[in-house]
Amino acid sequence: KAGVTQTPRYLIKTRGQQVTLSCSPISGHRSVSWYQQTPGQGLQFLFEYFSETQRNKGNFPGRFSGRQFSNSRSEMNVSTLELGDSALYLCASRDGGRNTIYFGEGSWLTVV
Amino acid sequence: SQQGEEDPQALSIQEGENATMNCSYKTSINNLQWYRQNSGRGLVHLILIRSNEREKHSGRLRVTLDTSKKSSSLLITASRAADTASYFCATVINNAGNMLTFGGGTRLMVKP
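Those protein sequence lines, which keep their order, are chains B and C. Read in our numbering, the first sequence has 45 at position 45, and its numbers run on one by one without any break. Here our numbering runs 112 ahead of the position in the second sequence, where the first position is 1.
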């Protein structure tokens with residue numbers, strides 16, 4: 001089985017722009033969650049989707065949004081980018097039977 | 113805020129030695145998962161231990177869980193240079209879906 005796939009791997013954006021990151025979960029996994037990793041704040045939960053519905057949301061401003069499609073693929077969007085949004089964004093999918101949560105390689109976002 | 117705290121924050125050992133990392137958390141959990149992260153990469157799932165389990169093994173890894181003390185430990189035996197990475201514990205809190213709450217991580221360096 002292919003693992004969790006995230007695209008793009010690296011991107012550079014300018015302040016004020018918006019960005020969309022994509023995640024394809026492991027085949028058969030219906031739960032997808034997103035995390036932000038920064039040196040200062042560590043790994044923080046953004047949101048979780050299950051069957052196209054947001055099930056949990058972390059403590060992030062409304063500029064951060066996401067969605068999940070019927071094939072379980074997910075996207076997250078950050079609007080009006082700020083320098084502090086520079087981070088590694090990680091997507092994860094869950095094996096419902098074993099509760100194990102698997103991560104992708106992440107998308108490195110640099111805001112300049 | 114982070115659920116878990118890891119100790120030590122950094123650990124340097126010689127190849128062949130054992131490495132022990134500890135994790136403490138604050139609230140009741142469903143399960144606790146350990147991950148490895150090589151620099152700039154995604155998180156690799158190592159082991160999951162459920163709240164009703166006390167110890168699990170996987171190859172050179174041994175994880176213990178003490179729910180009365182709200183703590184877990186990860187032991188890597190006979191370490192190798194390739195084990196150099198950051199190690200994170202993450203908890204799934206009761207009734208929180210699949211939201212993982214991470215500790216700050218332990219940076220392990222294994223010297224050849």
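Read the hints as simulated data drawn from the structure, not as lab findings. Keep in mind that a hint or two might mislead.
Said to hold, decoys possible - Pairs of lysine-lysine residues, derived as DSSO-like cross-links and limited to a Cα-Cα distance of at most 30 Å, are as follows:
1) C:138 <-> C:168
2) C:138 <-> B:57
3) C:182 <-> C:138
4) C:168 <-> C:181
5) C:181 <-> B:57
6) C:223 <-> C:168
7) C:182 <-> B:57
8) C:182 <-> C:168
9) C:138 <-> C:181
Stated by the list, open to error - Here are the computed distance ranges between Cβ atoms for each label pair:
10) C:128 <-> B:58: 38 to 44 Å
11) C:170 <-> B:16: 43 to 49 Å
12) C:167 <-> B:58: 29 to 35 Å
Even glycine gets a Cβ: it sits at the ideal position worked out from N, Cα and C.
Against the structure, the hints come out as follows:
1. With a CA separation close to 21 Å, the supplied pair residue 138 of chain C and residue 168 of chain C stays within the 30 Å bound.
2. Simply put, residue 138 of chain C and residue 57 of chain B have alpha-carbon atoms about 20 Å apart, close enough for the 30 Å limit, and the pair holds.
3. Distance hint between residue 182 of chain C and residue 138 of chain C is fulfilled; the C-alpha atoms sit about 7 Å from each other, no more than 30 Å.
4. For a cut-off of 30 Å, the pair hint linking residue 168 of chain C to residue 181 of chain C stands: about 17 Å separates their Cα positions.
5. For a cut-off of 30 Å, the pair hint linking residue 181 of chain C to residue 57 of chain B stands: about 28 Å separates their Cα positions.
6. As the CA atoms of residue 223 of chain C and residue 168 of chain C are separated by approximately 27 Å, the hinted pair is consistent with the 30 Å bound.
7. The straight-line distance between the Cα atoms of residue 182 of chain C and residue 57 of chain B is roughly 25 Å, inside the 30 Å bound, and the hint therefore holds.
8. Under the criterion of a C-alpha separation no larger than 30 Å, the hint pairing residue 182 of chain C with residue 168 of chain C is consistent with the structure, at around 16 Å.
9. Under the criterion of a C-alpha separation no larger than 30 Å, the hint pairing residue 138 of chain C with residue 181 of chain C is consistent with the structure, at around 9 Å.
10. The given range of 38 to 44 Å is respected by residue 128 of chain C and residue 58 of chain B, whose C-beta atoms sit roughly 41 Å from each other.
11. Remark: the range hint 43 to 49 Å for residue 170 of chain C to residue 16 of chain B is upheld by a beta-carbon distance near 46 Å.
12. The supplied range of 29 to 35 Å is met by residue 167 of chain C and residue 58 of chain B, whose beta-carbon atoms lie about 31 Å from each other.
In the structure shown, no violation is registered for any of the earlier numbered hints.
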